[in-house]
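*Asks:* From first to last, the protein sequence lines stand for chains A and B.
Per our numbering, the very first residue in the first sequence carries number 854; after that it's consecutive.
Per our numbering, the very first residue in the second sequence carries number 499; after that it's consecutive.
Please keep in mind that the hints were generated in silico from the structure rather than gathered at the bench.
You can take every hint at face value.
Within a straight-line C-alpha distance of at most 30 Å, the following computed DSSO-like cross-link-like pairs (lysine-lysine) qualify: (1) LYS657/B <-> LYS1165/A; (2) LYS686/B <-> LYS590/B; (3) LYS686/B <-> LYS657/B; (4) LYS652/B <-> LYS636/B; (5) LYS792/B <-> LYS776/B; (6) LYS776/B <-> LYS1068/A; (7) LYS1068/A <-> LYS792/B; (8) LYS562/B <-> LYS803/B; (9) LYS776/B <-> LYS1189/A; (10) LYS657/B <-> LYS877/A; (11) LYS1068/A <-> LYS770/B.
Covered stretches of chain A (in silico footprint by chain B; criterion: 3 or more residues with CB under 8 Å from a CB of chain B, positions within the stretch not fixed): (12) 1055 to 1062; (13) 1188 to 1197.
Cβ atoms here follow ideal geometry from the backbone N, Cα and C, with glycine treated the same way.
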Amino acid sequence: MTNQNKQAQPLLEVQDLKKYFPIKRGFFKQVVGHVKAVDNLSLYIMEGETLGLVGESGCGKTTAGRSIMRAITPTSGKVFFQDPHLGRIDVAQLDDRQLMHVRRSMRMIFQDPYASLNPRMTILDIVGAPLRALGLLKGKALEDRVAEILELVGLRPEYMRRYPHAFSGGQRQRIGVARALAPNPSFIVCDEPVSALDVSVQAQILNLLQDLQAKLGLTYLFVAHDMSVVAHICNRVAVMYVGKAVEMAPTRELFVAPKHPYTEALMSAIPLADPRPRQKRVLLSGEVANPAAPPSGCYFHPRCTYCVDACKTQEPEFREIEPGHFVKCHRADELKLSGVSEILEH
Amino acid sequence: MPDNLLEIRNLRTYFHLAEGTVRAVDGVDLDIKRRKTLGIVGESGCGKSMMSLSILRLVPVPGKIVSGEILYYRTVQQDNGSSQSNVIDIAKLHPNSNEMRDIRGNQISMVFQEPMTAMSPILTIGRQITEAIILHQKVSKAEAREIAIDMLAKVRMPKPERTIDDYPFQLSGGMRQRAVIAMGLCCKPQMLIADEPTTALDVTTEAQILNLMRDLQQEFGMAILYITHNLGVIAEMAEEVAVMYMGKVVEQSDVRSIFYNPLHPYTQALLKSIPQLKDVLTKYDEKRRLQTIKGMVPDPYHHLKGCPFHPRCPEMISGVCDTVEPRVIQMDEGHIVRCHLYDKDRA
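Just chain A, same shape as in the assembly (with noise of 0.2 Å):
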C-alpha cells in the first residue's frame, strides 16, 4: 500500500474543476443551457498511487481525465501537479508553450487500440511522435529509445517498422502504452485502457500497468467502468455520478464498507463468475440523470431506494466522513450499506 499520511504532497490535486458544454440553438447560434459533464470535482492522487474513477457512461470520467491533461481546457477550477521539471504548477492556468513541457510528465493511454493509432504511421512514428514533437530527441538516439521503450512494454524492437494493422489487440494497446512512455512520465491518465480487449489479454495489460508503475514509479488514473479491475488495480477509487463524485476512499474500506447509495448499486450489479445465485441485489430504476438538466437537491435521488425529503431539495456536501473517506451523501452516517461482503455471501 502506498503511504496514506496527509504529510506528503499529493503530485495531483483536483480542486472544484468543472467543464460546462454550451448547448447553442437556433440560426444565431445563442446559448441556452450548458451540460454540467463536471460539475466541483475535488480530488488528489498521492505519488506512486493508482486512484480509479469509476461511473457509468455518460457521468463525466472521460471529460474529467481529459480536463486534467488539459486536452479540453476546463470552465474553471485548478488543477495542481507537482512537475519534476516546473514543480507545482497549475495545468488548468497554463499557456500553450508552459504546457508543451507538461506534457512531457502528463500522458495518457486511450480505450480503444484500433482507433488511437494512426494506421499510416509505423510503430517508431507512433511511439516516437511524442519525442519528436516535443524536442527531446532525434535521428539515431530517438529510434534507440523507441526500442528501449518497445521491450519495456514487452513487444519486440524489430517491429517498429511495422504498421499497426500487423499487430493484435492486445499488442496494440501495449503500443499506446509505450507512446505513453516515450517522454518519461510520471503520470498517466489511463482511459479505460482495457475494456475494449478480451479477459486473457486484458489480465496481460493489467499485469503490465503494474509492473511498469513499480519499475518506473508511476502514479495512474484509472478511468474504468469496471467494478472488478477497479477493485484489482486501484489504492484508492473514486465514484462519479452525473459529473460529480459522490465518493472517494481507499479501495478496501469502497468496496467493503460503501457509505453512497449509488456505490452499493454500482457493486450489486456486478455480474459475478460465480453461479450460485444471490440474495441480494439492488437494482436501480431508471436512467441516469441528464446533465443538461439534473434535478434538484441530491442528483441521485430520483434512483435512491433510501431518499428522504431533504435530499430532494438540499444538494449534499462532500465531505470527510472518516480520515480519507469522501462521500456526499445527507444519510451517510446513518445508512447501514451492504459491501463486497454481503454480496458474495450466499
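Following the hints, position chain B against chain A.
*Replies:* Positioned in the frame of chain A, the structure of chain B alone reads:
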C-alpha cells in the same frame, strides 16, 4: 415433444479467402433445449458469432456452411389443440427461401450487440418493430402498432405509446437495447439468439437488461442462445455453457461444473485471468498479479496440427497434443471436454 429445439451436428462454416481458408466454425456439436439458456463463451475470433449467424443463415459472403446439420424441431399447433413437430435442416435451406424467411425473425430471432448499429437511424423504432410483425403475421398496420406498443411495455420501456414514434438517436443506450429486444420478441420466437446484448451497456443497465431477459424467457417459454465473452454474465444467465476456442467447442457442461470444476486447460486459464472481486477482501495487501494465458489467439489462416490450444497450453504433452487432434471425451453426465489429458486410451 422432443426436448431439444435445435441440434447442431458437426457444423463447419469456412471462409475461402485469397490468403487461405478461415475455419470460423470447425465441427461444432450443440443441443439447444427448449426453455433453457445455453451460454457460449470465448474470446474474439473464436467463431461464436459466426456460429449464431450460421443458424440464421446470415453468414456474410464469402463465408459458407461447408458441412454439417442444423436440425430445427419445429412445432406446429394443430387445430384440435395438440402440437406436432417436424424436423427441418436449416443448413440445407436456401438463405433466401420462403421457409428460411419464415424461421428467421419469426421462430428464431436475434438481438445484436450494438443497439445503435443494429437499428436504422432514419426510421422510427415503431416502424422497425412493426416491420417484422407485418412480415410474419396476418395483421393490419394498426394492429401491428398495437402489438409493438404492447411489446415495448413488456420490455419495460417508459411511455411506450410515445417512444414508439422516436428515432433511435433519441433514446439512451439501455432504452435502445430494450427496443432491439422488443423487435426480437415481437413474433414470440421459439428461440432467441443474444449476441453480446449487454456488452455496450453499463453494469447497472446490464443488470436491468439481464433481469428483463430472464423474466421474458419465463413468460414466453423460449430458448436463449447467449453469446458473450463475459464470464460473469454467463454465470448469471446460462444453465449450460459451451466454451469455444478456434471454431471448436472445447468444453461443455452445466454452469456449475464450468465454474467449480473446469476441466479444459483453456477454461481453467480463462477463469483464472479475470480479476475476482472477493480478492479485495482477502488478498488486499499482497502484490496481486493476474494469471495470464501465454501468447495469443493464433492466426486464423494458419492451421495448427493437433489441438488448437497446444501452443498456449500449460499442460501440453509434446508428441501428442501437437500431432493428434483430441477427441470429445465424455466425463460426468453432461460434461464433455476435448482434451488429451482426459483421454485414457490416447495413442
